[in-house]
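Chemist: Modelling step: build the complete structure from the supplied sequences, incorporating the hints.
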Amino acid sequence: KQEVTQIPAALSVPEGENLVLNCSFTDSAIYNLQWFRQDPGKGLTSLLLIQSSQREQTSGRLNASLDKSSGRSTLYIAASQPGDSATYLCAAGDTGANNLFFGTGTRLTVIP
Amino acid sequence: DVKVTQSSRYLVKRTGEKVFLECVQDMDHENMFWYRQDPGLGLRLIYFSYDVKMKEKGDIPEGYSVSREKKERFSLILESASTNQTSMYLCASSRRGTVNSPLHFGNGTRLTVT
Numbered sequence: 001k002q003e004v005t006q007i008p009a010a011l012s013v014p015e016g017e018n019l020v021l022n023c024s025f026t027d028s029a030i031y032n033l034q035w036f037r038q039d040p041g042k043g044l045t046s047l048l049l050i051q052s053s054q055r056e057q058t059s060g061r062l063n064a065s066l067d068k069s070s071g072r073s074t075l076y077i078a079a080s081q082p083g084d085s086a087t088y089l090c091a092a093g094d095t096g097a098n099n100l101f102f103g104t105g106t107r108l109t110v111i112p
Numbered sequence: 001d002v003k004v005t006q007s008s009r010y011l012v013k014r015t016g017e018k019v020f021l022e023c024v025q026d027m028d029h030e031n032m033f034w035y036r037q038d039p040g041l042g043l044r045l046i047y048f049s050y051d052v053k054m055k056e057k058g059d060i061p062e063g064y065s066v067s068r069e070k071k072e073r074f075s076l077i078l079e080s081a082s083t084n085q086t087s088m089y090l091c092a093s094s095r096r097g098t099v100n101s102p103l104h105f106g107n108g109t110r111l112t113v114t
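Protein chains in written order, with this note's numbering: chain C, 1 to 112; chain A, 1 to 114.
By construction, these hints were calculated from the structure, which means they are not laboratory data. Treat the hints loosely; a few may be bogus.
What the hints assert, rightly or not - EDC-like mimics (lysine to aspartate or glutamate), calculated; alpha carbons at most 20 Å apart, straight line:
(1) Lys71(A) x Asp26(A)
(2) Lys42(C) x Asp38(A)
(3) Lys70(A) x Asp26(A)
(4) Lys1(C) x Glu79(A)
(5) Lys1(C) x Glu62(A)
Claimed, not checked - Between beta-carbon pairs, the in silico distance windows are:
(6) Ile77(A) x Pro14(C): 20 to 30 Å
(7) Ser8(A) x Val13(C): 28 to 38 Å
(8) Leu19(C) x Thr5(A): 27 to 37 Å
(9) Thr26(C) x Asp38(A): 16 to 26 Å
(10) Thr114(A) x Arg55(C): 27 to 37 Å
(11) Asp28(A) x Ile111(C): 18 to 28 Å
(12) Ile60(A) x Gln51(C): 26 to 36 Å
(13) Lys70(A) x Thr45(C): 24 to 34 Å
(14) Gly41(C) x Val52(A): 45 to 55 Å
(15) Val20(C) x Thr15(A): 41 to 51 Å
(16) Pro61(A) x Glu3(C): 16 to 26 Å
(17) Thr114(A) x Ser69(C): 42 to 52 Å
(18) Ile111(C) x Met54(A): 43 to 53 Å
(19) Asp26(A) x Asp39(C): 17 to 27 Å
Unchecked claim - Which chain A residues face chain C? A few, computed with CB under 7 Å, are given here:
(20) Leu11
(21) Gly42
(22) Leu45
(23) Leu90
(24) Pro102
(25) Phe105
(26) Gly106
(27) Asn107
(28) Gly108
Quick reminder that beta carbons are idealized off the backbone N, C-alpha and C, glycines included.
Modeler: Structure representation (structure tokens):
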């Protein structure tokens, strides 16, 4: 069964810093890799989706990369802002795309 | 924008009660999902449905059932609520048959069973 790990569980950075969030998965036979943001007490918001045939996706200050062979994905956030404070979760889609296996998330705090 | 709406943000129920959690999406998505989220355990799939009247068990279906009578609506049913079902429940939807269809989530229902 796919296992997804996100380390660290929590991260604090000063405003303006560039940062990288890490995600690792055990089974490289994935359909896609998705990154989500979750604000306290809310649902998840999709940030980026990388198809298994792709290496990276970009949206504004966010860039996500995928290395299937090593079982790793990273989410790069440029010029962090206090509004980026949230929990970030990654999820690996199985080959049927009927299930996503989620990590437990990294709680990011950007200090003004 | 895709909208996934869960009928209740907070629910408090008693042990043994039958509980219905409702979810509606407005983007004609084929796939719908129910997850529960617990601290330290992340999100775990309870059930999903890829079409009307179709359902598949996820990782933790015990104690739950689902109903999908219409494409836009997916209901989660706790047949006899127990305290270990206290959790945040998240509904999601996606389009079927494309590698580029992200999952869209509702805002969640926080259920407390006393």
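Chemist: Against this structure, judge whether each hint is valid.
Modeler: Evaluated hints:
Of the supplied pair hints, the one linking lysine 71(A) and aspartate 26(A) holds, its CA atoms being roughly 10 Å apart against a limit of 20 Å. For the hint pairing lysine 42(C) with aspartate 38(A), the CA-to-CA distance comes to about 13 Å; that is within 20 Å, so the pair holds. The hinted pair formed by lysine 70(A) and aspartate 26(A) meets the criterion: a straight-line CA distance of about 12 Å does not exceed 20 Å. Annotation: proposed proximity of lysine 1(C) to glutamate 79(A) is violated, straight-line Cα distance about 28 Å (limit 20 Å).
Between lysine 1(C) and glutamate 62(A) the alpha-carbon distance is near 19 Å, which keeps this suggested pair within the 20 Å criterion. About 47 Å separates the C-beta atoms of isoleucine 77(A) and proline 14(C), a value inconsistent with the hinted range of 20 to 30 Å. In this structure the hint that serine 8(A) and valine 13(C) lie 28 to 38 Å apart at CB holds, the actual value being about 36 Å. A hinted range of 27 to 37 Å holds for the C-beta pair leucine 19(C) and threonine 5(A), which are about 33 Å apart.
Checking the proposed 16 to 26 Å range against threonine 26(C) and aspartate 38(A) shows it holds: the Cβ atoms sit about 21 Å from each other. In this structure the supplied range 27 to 37 Å is violated for threonine 114(A) paired with arginine 55(C), their Cβ-Cβ distance being about 49 Å. For the pair aspartate 28(A) and isoleucine 111(C), the beta carbons lie near 42 Å from each other, so the given range of 18 to 28 Å is not met. Between isoleucine 60(A) and glutamine 51(C), the C-beta spacing of about 28 Å keeps the proposed range 26 to 36 Å intact.
At roughly 25 Å, the beta carbons of lysine 70(A) and threonine 45(C) sit within the given window of 24 to 34 Å. For the pair glycine 41(C) and valine 52(A), the supplied restraint of 45 to 55 Å is violated, since their beta-carbon distance comes to about 31 Å. At about 45 Å, the CB distance of valine 20(C) to threonine 15(A) agrees with the hint of 41 to 51 Å. Range check, proline 61(A) to glutamate 3(C): Cβ separation about 20 Å, and the 16 to 26 Å hint holds.
The given range of 42 to 52 Å is respected by threonine 114(A) and serine 69(C), whose C-beta atoms sit roughly 49 Å from each other. For isoleucine 111(C) paired with methionine 54(A), a C-beta distance near 48 Å keeps the hint of 43 to 53 Å intact. Look at aspartate 26(A) against aspartate 39(C): about 22 Å separates their beta carbons, and that is inside 17 to 27 Å. The beta carbon of leucine 11(A) comes no nearer than 14 Å to any beta carbon in chain C, farther than 7 Å, and the hint placing it at the interface is violated.
A distance limit of 7 Å between C-beta atoms decides the matter here; for glycine 42(A) the minimum to chain C is near 4 Å, and the interface restraint holds. With a least beta-carbon distance of about 6 Å to chain C, the hint placing leucine 45(A) at the interface is held under the 7 Å criterion. A cut of 7 Å between beta carbons decides the hint on leucine 90(A): the least distance to chain C is about 6 Å, and the hint holds. Nearest Cβ of chain C to the Cβ of proline 102(A): about 4 Å, under the 7 Å cut. The hint holds.
Hint status for phenylalanine 105(A): holds, given a least beta-carbon distance of 4 Å to chain C, under 7 Å. Hint on glycine 106(A) holds. Least Cβ distance to chain C is approximately 5 Å, under the 7 Å limit. Hint on asparagine 107(A) holds. Least Cβ distance to chain C is approximately 5 Å, under the 7 Å limit. With a least beta-carbon distance of about 5 Å to chain C, the hint placing glycine 108(A) at the interface is held under the 7 Å criterion.
In terms of the numbered hints stated before, the structure departs from hints 4, 6, 10, 11, 14 and 20, listed from lowest to highest.
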